[in-house]
Amino acid sequence: MANIDALRQEVSRVLSEKIVDVVLGFEAGSLPTRNQPVFIHKAKESKRLVDNGFGSNNLAALLAQRPKDEKIGVICRGCESRAIRALTVEQQLNRENLYLIGVPCRGIIDWRALERAVDGEILAVAEDGEDLLVTLKDDEKKLARAEVLHSACRNCRQPDPVGTDVLIGELPAREGLAQRSPDVAAFLGKDADARYAIFSEEAERCIRCYACREACPMCYCTECFVDHITPRWSESMVSKGGTQAWHIIRAFHQTGRCVSCGACERACPMEIKMEYITDRLNEDMQDMYGFEVGANDSDQPPFAAFSLDDRNRFKE
Amino acid sequence: MSAKPHFFLFQCQYCLAASDDQHWVENDLPKNVKLIKTPCTGRISPMFVLNAFQSGADGVLISGCMPEKCHYIKGNLGARRQLDEFARLLAYLGMQPERVRFVWMNVSERGRIQQEVVDFEAQLAALGPSEKFAAISASGNAGGRYGQY
Ligand code: SF4
Ligand code: SF4
Ligand code: SF4
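Taken in sequence, the protein lines are chains A and B. If you read the first sequence in full-length UniProt numbering, its first letter stands for residue 1, the second for the next number, and so on. If you read the second sequence in full-length UniProt numbering, its first letter stands for residue 1, the second for the next number, and so on.
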């Protein structure tokens, strides 16, 4: 977590020195467990900024809609900085127009898990080191932050921002970050029928609201495959075929592109798990092509870059 | 479902140089095999493969040219990366991996496609009908575009 005063100060500075036109960050939302993205235009507005575990969005998802020539500052955690890199590699963003303000990340709290962990309405939440102090109507509760961390953050391999222009605060020492998703390993540990049962159970709860797509920094297509009418690539209904097709193809489009931020899952009103699919696809890309999303400013994702070296992979 | 497995053959139009083979594919394929001819394997979207399984197919056979032999230079390389991973994804989600098969042809391999079709059919017959991912309801109507072929 960045020192909030230092963060606000830097934001005021870059705005008043006209280094940027606007800064994107989080402000407090209408409920104590939710932040909302905010565009700060004036130095004095920077006091609206907050930095805590309730910023569920991946802010990089909001950049695509901005005017092309706008100079924009972005407050970035690890996943946001990786998404911005990936979007730059895919030529969706012009890095020169961005000023990236890195902040150390301690992970996003799964507000639904938090609400389930306490009884009654949450009036306020304060972060105190590794603990959360939750104020309820006539009670106060102390919870370990780790207990209610979102799974994407629990599994995060790279919480520290990369390629930023400035870093506010100090990066904590990181130890024992898992390099492979334990959720993928657990899924693979089951037999094919059990895997299909889990996938169906997840996918078929989908109400096709596409909140997951809207929340995703890498889903920037002006026309998504599910919105095509002719040809219609997948059933548009909330049917087995339609929901499965959405989940399979959406995930597949993220192969070697997903930054594992978990914004899709946090946005989903049905609490559908999606990262066990995208993380596995990314692990495949790493194993087969040594590709890691957001690792540098140049490597194209594997489906955009192929070569005759692949001939050894043609078995038949 | 009849005893014979149903499957799709996605065929790149350049992979069979022998006109006999192309003629066979276009006219004499067994009735349980549906041909989808494409300009190049690069044209085969993973969504075609998914649509095949959703419409009740038991398998998908993809036939294209060897790495250096692509008419469009690199179409098969892009196709290979994507389709191979897509097949792995379906397997990860519970499908038997043997239901998708790739055949990368050298144009000189006369008569190979016939053998591949026979072999693949035998392989699918051994697996039995595919139920996962099929989107057709008992009435044979998914309410959408999927008819039983
Ligand atoms: S698919 Fe989900 S986890 Fe991956 S980048 Fe998009 S929102 Fe983040
Ligand atoms: S699901 Fe695929 S087609 Fe739709 S917006 Fe995302 S990447 Fe684009
Ligand atoms: S957010 Fe959830 S319910 Fe909505 S389309 Fe995505 S997976 Fe389906």
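It cannot be assumed that every hint is accurate.
Said to hold, decoys possible - Here are the simulated DSS-like pairs of lysine-lysine, each with C-alpha atoms no more than 25 Å apart in a straight line:
| hint | chain 1 | residue 1 | chain 2 | residue 2 |
| --- | --- | --- | --- | --- |
| 1 | A | Lys190 | A | Lys141 |
| 2 | A | Lys190 | B | Lys132 |
| 3 | A | Lys273 | B | Lys132 |
| 4 | B | Lys132 | A | Lys240 |
In case anyone wonders, no lab produced these hints; they're calculated from the structure.
Hint-by-hint comparison with the structure:
{"no.": "1", "hint": "Lys190/A to Lys141/A", "in the structure": "violated (37 Å)"}
{"no.": "2", "hint": "Lys190/A to Lys132/B", "in the structure": "holds (16 Å)"}
{"no.": "3", "hint": "Lys273/A to Lys132/B", "in the structure": "holds (19 Å)"}
{"no.": "4", "hint": "Lys132/B to Lys240/A", "in the structure": "holds (11 Å)"}
In this structure, only the earlier hint numbered 1 is contradicted, and the remaining ones agree with it.
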